[in-house]
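Chemist: Spelled out from the first residue to the last, the chains are:
Number of protein chains: 4
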Amino acid sequence: MIITFQSDALETQVESVVQEVERSGLRAFQRFSAGRWAVAAVSGGFGRARPGLGDRLAALPGVLTVQAEQQPFVLASRAFIPETSSFELGAVQVGSPDLLLIAGPCSVESRSQLIETALAVKEAGAHALRGGAFKPRTSPYSFQGLGEAGLELLSEARELCGLPVVTEVMTHEDVPFVARYADVLQIGARNMQNSPLLHAAGESQKPVLLKRGMSATIEEMLFAAEYILSHGNFRVMVCERGIRTFESLTRNTTDINAIPVVQSLSHLPVLLDPSHSTGSWEFVTAIARAGVAAGADGLIIEVHPHPEQALSDGAQSLKPERFAELVRQVRGIAAWMGRKC
Amino acid sequence: MIITFQSDALETQVESVVQEVERSGLRAFQRFSAGRWAVAAVSGGFGRARPGLGDRLAALPGVLTVQAEQQPFVLASRAFIPETSSFELGAVQVGSPDLLLIAGPCSVESRSQLIETALAVKEAGAHALRGGAFKPRTSPYSFQGLGEAGLELLSEARELCGLPVVTEVMTHEDVPFVARYADVLQIGARNMQNSPLLHAAGESQKPVLLKRGMSATIEEMLFAAEYILSHGNFRVMVCERGIRTFESLTRNTTDINAIPVVQSLSHLPVLLDPSHSTGSWEFVTAIARAGVAAGADGLIIEVHPHPEQALSDGAQSLKPERFAELVRQVRGIAAWMGRKC
Amino acid sequence: MIITFQSDALETQVESVVQEVERSGLRAFQRFSAGRWAVAAVSGGFGRARPGLGDRLAALPGVLTVQAEQQPFVLASRAFIPETSSFELGAVQVGSPDLLLIAGPCSVESRSQLIETALAVKEAGAHALRGGAFKPRTSPYSFQGLGEAGLELLSEARELCGLPVVTEVMTHEDVPFVARYADVLQIGARNMQNSPLLHAAGESQKPVLLKRGMSATIEEMLFAAEYILSHGNFRVMVCERGIRTFESLTRNTTDINAIPVVQSLSHLPVLLDPSHSTGSWEFVTAIARAGVAAGADGLIIEVHPHPEQALSDGAQSLKPERFAELVRQVRGIAAWMGRKC
Amino acid sequence: MIITFQSDALETQVESVVQEVERSGLRAFQRFSAGRWAVAAVSGGFGRARPGLGDRLAALPGVLTVQAEQQPFVLASRAFIPETSSFELGAVQVGSPDLLLIAGPCSVESRSQLIETALAVKEAGAHALRGGAFKPRTSPYSFQGLGEAGLELLSEARELCGLPVVTEVMTHEDVPFVARYADVLQIGARNMQNSPLLHAAGESQKPVLLKRGMSATIEEMLFAAEYILSHGNFRVMVCERGIRTFESLTRNTTDINAIPVVQSLSHLPVLLDPSHSTGSWEFVTAIARAGVAAGADGLIIEVHPHPEQALSDGAQSLKPERFAELVRQVRGIAAWMGRKC
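Chains as they are written, first to last, in the working numbering: chain A, 1 to 341; chain B, 1 to 341; chain C, 1 to 341; chain D, 1 to 341.
Some hints here could point you the wrong way.
If several chains are the same, the list does not tell them apart, and a pair holds so long as it fits within one copy or across any two.
Each computed DMTMM-like pair below joins lysine to aspartate or glutamate, with the alpha-carbon atoms no more than 25 Å apart [said to hold, decoys possible]:
(1) K206 to E11
(2) K340 to E152
(3) K206 to D183
(4) K122 to D8
(5) K206 to E308
(6) K340 to D55
(7) K206 to E173
Treat the hints as calculated values from the structure; they're not laboratory data.
Just so it is clear, the structure is predicted and the values come from calculations on it, not from any experiment.
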């Protein structure tokens, strides 16, 4: 349930609505956006509508509208927060005209590999460093990541290059531990509907980068975000990374439509990962340009100094010099779109 | 790497191969199936082929073939174990001519709902009781299950009706806890690639029912099973439960092909879940018959005494009397297929 | 618009409704099925509802219900004709307890190949002979069929073995010509939405076997059938032949759900083509059994005396002796389903 | 088979290769592109390799390489013609830095609707006018187009606004007739594998706009183009128009990857149709920008003066003023990409 207020409503009027919602056994979130207050009322689990609550709220002073019908997601919706959510990450303001560029290797493989990459992507213009220490893999015999040693290398790289670190967390139990090292917790495509992990990421109050599941609908991705938001953690970015289709010349199909569709439904910043969404380094730059032109709030790109030796995702990783060229091209499109990067 | 032996090979010869494999830093599993021994050599993580190992093994006495090329999965393959894997579950032998029938509600909702269903499905001919205490849901506001209280109701139902219990576990941390109540750990479609959970299910040494991810390939499902098997836990059943396609008149598309395809590639018993694979109770019985005719080793069916009041999956749940009719029809097909149920 | 009548309605009352419909500028079709008359009123092209017509019809004597809402398809619906449509084809009654078995080569390649196959499938129990003289191919450099010479060989094979002939027609212009040779016109998956061809097949008044498009929904297939029916040609069978999905171990994904779903929506007989829906001969028999168990009204199977030399679809073609075994197995399932074959 | 020549090869040497190819029973096409001659040798139907031909050709003077292996497509490949194919259409050179903008209504509905749209899109900057006179529709009761009257209105609109006309042809029989009115023959998604139509479009020697089938792979689309090219008609554009996936918030999923993938495999210009690929007018402009940023050679956009009254595709049609805004935005991206429009 979303309650919007008249533009001249008083904070005490908002507070009265919050109290009425909470008396009814629901939880209330309040936000000021686009010149008006709104309150979102969500359940603690069961989502049963309380009889009469909508009518009682509509009668309170300052209230403009009560959208009582159960929406698919509430806290993530633009009906609740009309303006794009924005938060600081290192030197940029995510969800603003700043275009966020995250880059780095798929997996942290060694100190030299990570540091070399970190310095190169910083130099080329990246705002954050990505790198996986825990890797979800299809086969139990594939490289599974360096674990804690990888997290420590990421910390060291952050010290050296000054970029905030984005790294994946795979289980709810690891969240507090990974959160000590990471600036942004990444939830990978295979875990998009891992609800204990989503809850833990919400509780952590850390920024979260939530990747779309390989065959998740846009609506399901926003539902997954809602799990995180329901803990009051609103620093969430969602990320299109390609969906599984019948086309086999590319690893995945970039659902470029998802960018404007997410933006029409939700206030959450939306990124594009053209490395996974194409699966081939030769197509990454063209699709990165397309993502920015479609309105993406940022990009996440795999970069490796020696892609042919990478322990994972070599085929889709850019060499540092190609990444620098990508940044140059993306800046051109971004400038025309009125964005900085 | 899979090493097969001549039919008259001695156990000491098999033992020598195992020792040579382990000396090389790999782990070895040995099985006698279809009249011959085989050894599977798998890595502890990285999967690098050891130079010269294949040649050394081929030269040992009793060895017939060495399949050195890295196969997609090893322990789950029919190349390793030619005969279908079989294990006891309650009154039936899974993976034998016995056709396994698992039935029960999607979620455990209350004592009366569970007990009523358990007695009814037992009466109708089911061999195991399903019921979810932990529910992965798309929305954080949907019913998430009764948790431990649900597990205790399942225990009580087992006492009363004598059927083994199949129930879902959602996190690796919960495995030891759920394993105290469950006879079979179910890993749901959303968690098919949750590798910490797969590892924990492997370590538990409990029978596992692994459901295919909504958009997982058959190969990926068998890779996921390999995670469990790599802990020496070979009591694994895989389950086709429908895949996501463009067709929208049904909730999912039953990939009936998966049944013979899995059987051609793997020794693991394969079940069909026509409740999820269709999403509508009116199509469940026809697709259950089809599954048995295609060769499935079992079925898992959602049954609810009052589907219209179910907190989850009501549309696809059968009333007990319809389930009884399903069993009657399935028995006819099974008998013709040379199976008992 | 569908008008149903009371069970004791007089034919003159039905006739009055037909006249009122036609006066309104619509076309009327009348059928007696399941103990009652029904009239379907469809437009000649635009499908605009005539104001007041529904009310006028509802007031006429004998009328029981008027379903005025524009349904997705009308003539193909069970709302119009509750009983499965049935017609004679050679020795069997399609759409009755008879299970129709169509078999033969993908393409007619030579006299000896066709005659050998025809005699073998007849001997094994097939009721009709399939064989393509015009082949739609992905590449312009693949074998495109023998054309008219192929049709003449099919005629000769019919003479020799006494089986009716099913063959594909690829353009509306060829319909009258192919109809001189064929007993059933096949419309292939690539042409399922070729509306000029559908119209021409309707006008021909020949039995039609309409294959589902590779990515057509069930509803779209029934719409395509509606094109044919709208010419008063009701001898139409629809055929599930697999849909395109992400699964790559099989050529297509057999949408086995489509069988009961079509039967719930439409009176048209529904066949399964397990050769195309799997793409591998080794899975054809299992899926054929599944199709019959799901309730299919028939099967269409590719058979070739020397699959390894076939100019098209060799991988999915059965040798005659394997087809004989398929028939044996399918008969067992069919008998249990109360069907003859 | 593709034969490339040394950069200083003489035309008489090329001619000798052509003669040798033709003596062998194949057809030869020759092109000069990227500073060298190449000859493509394709069969007249069966595609059997002639024994020894490759070796004989490799020995001829001037020949640099002979790629003998049967490629999936030959005439459409960049291996044959390295530079993007280019041809004149009205005031623009398709396949050059010019960005082609085609706009107009889905269907020609009336004189006033068409003329109003034509003048508006011309004014806004379109280079060609689209409009359907023959409409392939899912239902036989939907509007099927004005037919010849529609073609005459298109002719009149061309006279008035000076834009070349792009219109769909649905059957091979209609090609000569439609070609009298059209400047570009459009082959729609449903007909992408209608081989008689592809052949006829090839024979017509008219420019062709070939739309990707709803579930066609990129490779199948290029094979379909090969049918047209095999008649010596090289003025072919291919068009990404969205593919069918599980995502249901949009009508189709724009496969933006297809743009750089086609360009890596083929010399044919590639367009994007964001109207069909999204299905909602509100997303068309963002996806049009993305297409240009990805490198598309042109766009085709549905425009209707009164979308809410359109007889087809109203939801995805832009009003003329929104189209003008789209052109403004697209020009910004195009300029940065070094293209004119």
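Chemist: Does each hint fit the structure? Answer for all of them.
Modeler: Hint by hint, here is what the structure shows:
1. K206 to E11: neither (28 Å within a copy, 57 Å between copies)
2. K340 to E152: For K340 and E152, the Cα distance exceeds 25 Å both inside one copy (31 Å) and across copies (50 Å).
3. K206 to D183: Classified as within; 7 Å inside a copy, 38 Å across copies.
4. K122 to D8: neither (46 Å within a copy, 47 Å between copies)
5. K206 to E308: neither (34 Å within a copy, 41 Å between copies)
6. K340 to D55: neither (46 Å within a copy, 57 Å between copies)
7. K206 to E173: both (15 Å within a copy, 22 Å between copies)
Consistency note: the structure conflicts with the earlier hints numbered 1, 2, 4, 5 and 6.
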